[in-house]
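According to our numbering, the sequence shown is numbered sequentially starting from 486.
Calculated directly from the structure, the hints in this document are not laboratory data. Worth double-checking, as some hints may not be accurate.
To be verified - DSBU-like mimics (lysine-lysine), calculated; alpha carbons at most 35 Å apart, straight line:
no., residue 1, residue 2
1, LYS582, LYS505
2, LYS505, LYS609
3, LYS609, LYS582
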Amino acid sequence: MVRPRGLRAVEEVVPRLGIKPGRPALRVGDVGAYDRAIEHLAGQLDRSDIELPLRYFAGRYGLVLCFALEPCDADALLADLVRVSHADGAVWVAVWKRAFERADTPSWEEMQSAGLATGWVDNKVLSLGDQVYATRFVRRRGAAPG
C-alpha cells in the first residue's frame, strides 16, 4: 500500500476526532500516525487491516478511524465499520484527495454513497494532510440503533 505523505500533526487532528474517554477506539488500515494519542484519550485502541469481515464485536467502538487507501469494497467496508461502532459513536473514513486518487481505491463519492446506504449521515470533513481527508459518519438523530 502507498502511504500518504504530508500528514497533519497529531495535535491538529486528534482533538477534532471527538474521542470519548473510556470508550474503545479502532483504527482500520495501515496508517498509524495518530495511534498513540487516540489510545491515550480513548483508553484502548485496537488495530486492523482492511480484511472483511472485521473480527470485532458489534457496537463496541466509540470511534472508528479507517484509512481506505487501498483497494476495497466500499459498501461492505462501511457496513462493517458501522456494525462495530457504538450507536453513539463515530466512523471516520479517510480517502485520497482528488488530485491523489488511485484508480483501484474508492473515491470520496463512493465512500459517501456507501456510508449513507448504512442509514448513517456524514456531518464533517477533516483534512488529514496534503493527500488525504476524512469524512465523519454518525447515526442519524432519532434513528434506532442497529
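Are the Cα atoms of LYS582 and LYS505 separated by 35 Å or less?
OK: LYS582 and LYS505 at ~27 Å, within 35 Å.
Taking only the CA atoms, is the gap from LYS609 to LYS582 under or equal to 35 Å?
Answer holds: LYS609 to LYS582 is near 15 Å, not above 35 Å.
Are the Cα atoms of LYS505 and LYS609 separated by 35 Å or less?
Roughly 17 Å between the alpha carbons, so the hint for LYS505 and LYS609 holds.
In summary, the structure agrees with every hint in the numbered list given earlier.
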